[in-house]
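Protein chains: 2
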Amino acid sequence: MANWMSALIGSDLIAGIQNSYELLQPLANPWLAEISEAEVEPLVLASVLLSLIVVYLAAKLGGELCARVNLPAVLGELVGGVIVGVSALHLIVFPEGGGEVQSLLMNFVGMTTGQAPEGLLRVFQGESEVISVMAELGVIILLFEIGLESDLKELIRVGPQAAMVAIVGVVAPFAVGTAGLIALFGIDTIPAVFAGAALTATSIGITAKVLAEMQKLSSKEGQIIIGAAVLDDVLGIIVLAVVASLAKTGEIEILNVAYLIAGAATFLVGSILVGRLLSPYFVMVVDQMKTRGQVIISSLIFAFVLAYIAAAIQLEAILGAFAAGLILAETSKHKELEEQISPIADMLVPIFFITVGARTDLSVLNPLEPANRAGLIIASFLVVVAVIGKVIAGFVIFGQPGVNRLAVGVGMIPRGEVGLVFAGVGAASGVLTESLDAAIIVMVIFTTFMAPPLLRMVFKTDDEVVAMPSADLEVAEEVESSPEAS
Amino acid sequence: MANWMSALIGSDLIAGIQNSYELLQPLANPWLAEISEAEVEPLVLASVLLSLIVVYLAAKLGGELCARVNLPAVLGELVGGVIVGVSALHLIVFPEGGGEVQSLLMNFVGMTTGQAPEGLLRVFQGESEVISVMAELGVIILLFEIGLESDLKELIRVGPQAAMVAIVGVVAPFAVGTAGLIALFGIDTIPAVFAGAALTATSIGITAKVLAEMQKLSSKEGQIIIGAAVLDDVLGIIVLAVVASLAKTGEIEILNVAYLIAGAATFLVGSILVGRLLSPYFVMVVDQMKTRGQVIISSLIFAFVLAYIAAAIQLEAILGAFAAGLILAETSKHKELEEQISPIADMLVPIFFITVGARTDLSVLNPLEPANRAGLIIASFLVVVAVIGKVIAGFVIFGQPGVNRLAVGVGMIPRGEVGLVFAGVGAASGVLTESLDAAIIVMVIFTTFMAPPLLRMVFKTDDEVVAMPSADLEVAEEVESSPEAS
Numbered sequence: 001m002a003n004w005m006s007a008l009i010g011s012d013l014i015a016g017i018q019n020s021y022e023l024l025q026p027l028a029n030p031w032l033a034e035i036s037e038a039e040v041e042p043l044v045l046a047s048v049l050l051s052l053i054v055v056y057l058a059a060k061l062g063g064e065l066c067a068r069v070n071l072p073a074v075l076g077e078l079v080g081g082v083i084v085g086v087s088a089l090h091l092i093v094f095p096e097g098g099g100e101v102q103s104l105l106m107n108f109v110g111m112t113t114g115q116a117p118e119g120l121l122r123v124f125q126g127e128s129e130v131i132s133v134m135a136e137l138g139v140i141i142l143l144f145e146i147g148l149e150s151d152l153k154e155l156i157r158v159g160p161q162a163a164m165v166a167i168v169g170v171v172a173p174f175a176v177g178t179a180g181l182i183a184l185f186g187i188d189t190i191p192a193v194f195a196g197a198a199l200t201a202t203s204i205g206i207t208a209k210v211l212a213e214m215q216k217l218s219s220k221e222g223q224i225i226i227g228a229a230v231l232d233d234v235l236g237i238i239v240l241a242v243v244a245s246l247a248k249t250g251e252i253e254i255l256n257v258a259y260l261i262a263g264a265a266t267f268l269v270g271s272i273l274v275g276r277l278l279s280p281y282f283v284m285v286v287d288q289m290k291t292r293g294q295v296i297i298s299s300l301i302f303a304f305v306l307a308y309i310a311a312a313i314q315l316e317a318i319l320g321a322f323a324a325g326l327i328l329a330e331t332s333k334h335k336e337l338e339e340q341i342s343p344i345a346d347m348l349v350p351i352f353f354i355t356v357g358a359r360t361d362l363s364v365l366n367p368l369e370p371a372n373r374a375g376l377i378i379a380s381f382l383v384v385v386a387v388i389g390k391v392i393a394g395f396v397i398f399g400q401p402g403v404n405r406l407a408v409g410v411g412m413i414p415r416g417e418v419g420l421v422f423a424g425v426g427a428a429s430g431v432l433t434e435s436l437d438a439a440i441i442v443m444v445i446f447t448t449f450m451a452p453p454l455l456r457m458v459f460k461t462d463d464e465v466v467a468m469p470s471a472d473l474e475v476a477e478e479v480e481s482s483p484e485a486s
Numbered sequence: 001m002a003n004w005m006s007a008l009i010g011s012d013l014i015a016g017i018q019n020s021y022e023l024l025q026p027l028a029n030p031w032l033a034e035i036s037e038a039e040v041e042p043l044v045l046a047s048v049l050l051s052l053i054v055v056y057l058a059a060k061l062g063g064e065l066c067a068r069v070n071l072p073a074v075l076g077e078l079v080g081g082v083i084v085g086v087s088a089l090h091l092i093v094f095p096e097g098g099g100e101v102q103s104l105l106m107n108f109v110g111m112t113t114g115q116a117p118e119g120l121l122r123v124f125q126g127e128s129e130v131i132s133v134m135a136e137l138g139v140i141i142l143l144f145e146i147g148l149e150s151d152l153k154e155l156i157r158v159g160p161q162a163a164m165v166a167i168v169g170v171v172a173p174f175a176v177g178t179a180g181l182i183a184l185f186g187i188d189t190i191p192a193v194f195a196g197a198a199l200t201a202t203s204i205g206i207t208a209k210v211l212a213e214m215q216k217l218s219s220k221e222g223q224i225i226i227g228a229a230v231l232d233d234v235l236g237i238i239v240l241a242v243v244a245s246l247a248k249t250g251e252i253e254i255l256n257v258a259y260l261i262a263g264a265a266t267f268l269v270g271s272i273l274v275g276r277l278l279s280p281y282f283v284m285v286v287d288q289m290k291t292r293g294q295v296i297i298s299s300l301i302f303a304f305v306l307a308y309i310a311a312a313i314q315l316e317a318i319l320g321a322f323a324a325g326l327i328l329a330e331t332s333k334h335k336e337l338e339e340q341i342s343p344i345a346d347m348l349v350p351i352f353f354i355t356v357g358a359r360t361d362l363s364v365l366n367p368l369e370p371a372n373r374a375g376l377i378i379a380s381f382l383v384v385v386a387v388i389g390k391v392i393a394g395f396v397i398f399g400q401p402g403v404n405r406l407a408v409g410v411g412m413i414p415r416g417e418v419g420l421v422f423a424g425v426g427a428a429s430g431v432l433t434e435s436l437d438a439a440i441i442v443m444v445i446f447t448t449f450m451a452p453p454l455l456r457m458v459f460k461t462d463d464e465v466v467a468m469p470s471a472d473l474e475v476a477e478e479v480e481s482s483p484e485a486s
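From first to last, the protein sequence lines are chains Y and G.
First residue of the first sequence: 1, per the numbering used here; consecutive thereafter.
First residue of the second sequence: 1, per the numbering used here; consecutive thereafter.
Just chain Y, with the same shape it has in the complex:
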């Protein structure tokens, strides 16, 4: 994956540093590094503390600034992440993003603890591992919270619409994107299919967060978007499996794909059916417990079990967490649980959005770099297809008068981290050329960062036209509420 990364970084200085870092690799076993293992653990803890301080400062500064100019706070967190990340301050960076020497945070840890920066490779790797997993736990908790605030009955009612939106939102950008790349840019079939596939997946996290901030999560549009995004996530995983095996072996492993589809369907339907059967016993057990934290810990066990199962059958952990939230939303513990999950989400979710921003390398956007230009031209095509493909999907909704179809389509626009997974897998398998890979990343950046303000805009127009006040004030203290309210 190193050639992909250095292509993205695109700076000779950084590439030079990275090369020397790679040369060091076979010599230095990081687990037997210059500092002893007994010294490593306190340094990893100190680095994690410092990273969390940076994450929270960036999240709050970005979020507050955006909230003041009436933009979604989550956009501020993403931009805050970009500023502290690999594109600017190099405070929150990851080993796969270009080696240890560039982590200013590690230099600071070295300085304040009297440890030479060269000795900190092992510490850096440990810190990155912990922050990555905490970010993943953050998005798991976010989806659990989204599930808790969703309404299973409403979700089932809008199911057919959500399925239509999801399917059109996958097929339209894939077909137009692939055909366009072949016809307009003369790209080979397999890389074109791969890039087309990268246009399909929706980042459920970003859209769901914006909807929650606007208290639109339990609106009809909100529930269609959430339902479609969940299905989209499943479809995205299947599409990725198909194109990855296509790239690897030149053919599609039907059995593998069939296994994935069956697994996903069984999991989503099965977990909700079995969960609803078991949830009375869950409440009974919780009521019997006498020690502190009985509701939250029992719920986390339930959410993590479903998340683990989803991850183990090659789906995504967030799908399991979402299903767990949906099931527990129907129990009598629902209100108490929502209150208790809120501070945990406050603590973990920003780590996710900041690291998404921090991993985003804006240097691919620099048109002064000749290597970027081919990618930027393809990218503008991909951005147009990515946006139109999803907006069209919103308009296929049938039999739902009064639904803001534009809002549904716009809600599906952000590709977020899911698109980056496609770019990463494509580059690692050698299918994507550097310019095509860069184009996918530019497309992901644009769709991810434009969706939050766009979504707010289309919902605002809606409110002005219909003059219908939002009915769902259940959502815990959000952007607009004053701090004294809680």
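Each hint should be verified, as a subset may be incorrect.
No copy labels: a pair is met if it fits in one copy or bridges any two.
[Said to hold, decoys possible] Okay, derived cross-link-like pairs now, BS3-like style, lysine-lysine, Cα gap no bigger than 27 Å in a straight line:
# : residue 1 : residue 2
1 : K220      : K460
2 : K153      : K335
3 : K290      : K460
4 : K153      : K248
5 : K153      : K290
If you are wondering where the hints come from, they were derived from the structure by calculation, not from laboratory data.
Got chain Y; can you put chain G on it based on the hints?
Same frame as chain Y, but now just chain G:
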């Protein structure tokens, strides 16, 4: 440190597995292991999820069982940790505790994700790193919460008493322990000094948790114990620095010790003075914020900054978190913050106690193993000195009629993870013989596991005699409260 570990494990089978693991080390760079880095990250996440499920199940089962037979819940968590840890089920184990092959949890991850167990070394290391750091964050949040529930003015008022308790509680067991080891067991001076030093430190976490469970934290005894335990922690760090340099070079580095003492004093006094000056601005900034989680995130930033500073100047991160809690307890955000930190503590604190239990290797207690016998005899001497030395310290309190001096002394008994650090450093530097090292570990196990029930017993007697109801019901829902109360 490997010889210490294999000495502790004491089983030929396990030692054999560990040896083959060590032989593999120079060959296999874990960062370039059998599975590619792109496959590692989801597996690390899945393993962390599974570990958390095991941690929470063990914590709740242990805690609930103990609560039902009127023992402190934290004892149940420690025992639960032992059961899932290296002594029994091998579900939560750490690389330094004997190599990957023994982690049944990793085998399960391998089985359910279709990954061969041999390929999981890198995943196992990542998972252990994350769980270790989350446990450390747990004890940081615990001490922050303890600080929030403490009363700075009361702590200053009982300061002289706490200082007396701390000093006598360090000097008495150290002097008696060292002299006894030399006189009774014919042990050399330097190892005897090291073992004596391991008798000094108090595990503030375990005592504070038991006090909180009994709602005794803001009682006079509670505040003396907390104050003394904090000072003890500082003294313990200084003692460790002294004996470690003594073991390494044969002499005491006066400058280093003076630096530590000055740093500790400056930090504790300085952070509280500066913190009190700045806290009105903190409240002002929080009141200006409009986005979700403003109180909790701002407070975590503050706590983590102090924790980082404490860690950076070679103190412990928990001291910084405790100071931050003390300072924020005096602000108007105090009540709101206590409510919000509670679910975060519920989520993270059990990870700490379970891992303390999981790392405890009970095989040193097996008298059938001839190698253990010498250690067990020394251990029984150390346990007696450890208990009497701290109980005596409680009785030096002066001018405080009505204070339960026995309770204060008993509160200082648990050595917990601090004692294990001494054993680890001692073994790593080669100063301690295997039997002496094992004896220290046995002493730590006994004092840690006996303190919670003892503490509850002495406080109960107190209540019966004086018939004075506990006044501090501020502490959020604890053991005795019914689940419906919240």
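Structure-based check of each hint:
Taking CA atoms no more than 27 Å apart as the test, K220 paired with K460 passes inside one copy only; the shortest distance there is 15 Å, against 57 Å between copies. For the identical chains of this complex, K153 and K335 are intra-copy neighbours only, at 18 Å inside a copy versus 37 Å across copies, given an alpha-carbon limit of 27 Å. Proximity of K290 and K460 under a CA criterion of 27 Å is satisfied inter-copy only: 19 Å between copies versus 47 Å inside one chain copy. For the identical chains of this complex, K153 and K248 are neighbours neither inside a copy (42 Å) nor across copies (68 Å), given an alpha-carbon limit of 27 Å.
In this homomeric assembly, K153 and K290 never come within 27 Å of each other (Cα to Cα): the closest approach is 33 Å inside a single copy and 33 Å across copies.
When held up to the earlier numbered hints, the structure conflicts with 4 and 5 and fits the remainder.
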